[in-house]
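Using the hints, position chain A against chain W.
Quick note, the sequences are listed as chains W and A, same order.
Using the numbering used here, the first residue of the first sequence is number 1, and each one after it goes up by one.
Using the numbering used here, the first residue of the second sequence is number 1001, and each one after it goes up by one.
For the record, the hints were derived by calculation from the structure and aren't laboratory data.
Just so you know, these numbers come straight off a predicted model, no measurement behind them.
Any given hint could turn out to be false.
Stated by the list, open to error - Pairs of lysine-lysine residues, derived as BS3-like cross-links and limited to a Cα-Cα distance of at most 25 Å, are as follows:
1) A/Lys1035 x W/Lys130
2) A/Lys1035 x W/Lys175
3) W/Lys175 x A/Lys1079
As the list claims (entries may be wrong) - Which stretches of chain A does chain W cover? Using the computed rule of at least three CB atoms under 8 Å from a CB of chain W, they are:
4) 1004-1013
5) 1080-1091
Glycine included, C-beta positions come from ideal geometry on N, C-alpha and C.
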Amino acid sequence: MQDWTGILRLEAEDRKGKTVAKNVYFQGAFKVMRPIYHDDSGQPCYYILNPGGGYLDGDRYRMQIALDKQARMTLTTQSATKVYKTPNNYVYQETEISLKEGSYLEYIPDPLIAYRNARYKQKNIIRMEKGATFLYSDILTPGWSPEGDKFSYDTLQLINELYVDDELAVYDHIKLNPRNQDMNTIGFMEGFSHLGSMIVVGEQTNNDLLDRLHEAIHVNTNEYRIGLSLLPVPGFTIRVLANSTQTVERLFTECHRIISEEWFNKRPSFLRKY
Amino acid sequence: MINNTLSLFQLCDSNFPTGAFSHSYGLETYIQQDKVHDQESFLQWLRVYVNEQLVYADGLACRLVYEALNEKDHPKVWKLDRMLTMQNLPRETREGTQRVGERMLKLVESLYEIPILSEYGERIKQGQSFGHPAIVFTIVGHHLGVPASTTILYYLYSAVSSLVQNAVRAIPLGQTAGQKIIQQFQDVLAEATAKVEEMDEEEFGIVSPGLELSQMQHERVNVRIFMS
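So here's chain W without its partners, still in its complex pose (with noise of 0.2 Å):
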């Protein structure tokens, strides 16, 4: 497995109360900025860049992320990741994240927009320690075509596999096939366009938090639908189907707010990007 088009390493550890790179390592198309403070909390936050400015056919992407003890961290990327035809072989990225005990990622890059006729494969594999906390999502775009017909993509597929004290803990499993499934039948997306995952993992879960999320979300509304459940291990998962990324990224910033406040102590900064 080698010829990766971007290749990034990123380690970090905590140097009192402080969150600093151990390890920084980029190369080909992929590139992360100099880490912002958006705080005094001492938790840096990463943007990461494809200075090709999207992903082409039979790219081939590999990030590898660790956080040591106690080490904190926003990584996010500057903007969408764009996928663009790919005519002969499937785009691929592959993350790594291992987090050690007591370290907190969040992980919330922006959109993926695949154009007509791509097809990308993502795979995140996700190594933690008891006692590590962990927060992603990501957000599916119906993509782009120049007709404006929405899921021209060829496939999207992404997987999250995630690993508590090297015992499998989430399997998460998506993968969109526009032409060969009717996506706005019972089952796929169902008259809406685009699709929103969360999965959040910490000790400090619980069911009041469940409920607390449920009752800042859940409103009778026809705008979106949303679905939350508590994983096996403790923390929670989340999906949302909607009509706009504003929508969904509306409803995963209240619940990352909460979830700040609740198990940190912090309100979550505004990721400015443009």
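Below, chain A alone, put in the same frame as chain W:
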């Protein structure tokens, strides 16, 4: 061989008390939202449920467990038990499936003596494994010498037959409508089995978003006659 197939068929009987009648796997959410309200809309849901969720989890697991049993690869069976459980993100569906699996295991244990089944039961008791009907069913099919493809087909049939019974009660539909659905569904099940036989192991656990979301939403459905 015919007798053995008949023995496996006993597990497909809707009177075989596994508790499957208390689980709708998200169907009840759609019924409450009035998205499933008659024979046609139920068939549409059932088709998607079988082709976009059941085959990638239970169906593929049947085949892989059968292959692992052929190779006496027990660790692979326990790995699949964990994967089946962990890919089931909606809590009620996950816990419900575990319960059905455990009950099926206990029943089958009183009918047959199969060493790996006792080991499975012991592992569940110790918290090392979780319990899943697809695994118990496949262990029995393999033990009886029923071919893999028949075992997969029968398993899918048993899942569909209890869902149809549940739909008849919950929508409600007439008994005749229920039987018509089961009849119409024979081709779908045969195709699903063929699909499972050709499936890549990498496709394990694929789920389509709407189905899963409805399984999660069931936790908050007001009037419930099902546990999932």
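These are the hints, each one checked on the structure:
no.: 1; hint: A/Lys1035 x W/Lys130; verdict: 41 Å, violated
no.: 2; hint: A/Lys1035 x W/Lys175; verdict: 23 Å, holds
no.: 3; hint: W/Lys175 x A/Lys1079; verdict: 22 Å, holds
no.: 4; hint: 1004-1013; verdict: violated (count 0)
no.: 5; hint: 1080-1091; verdict: holds (count 8)
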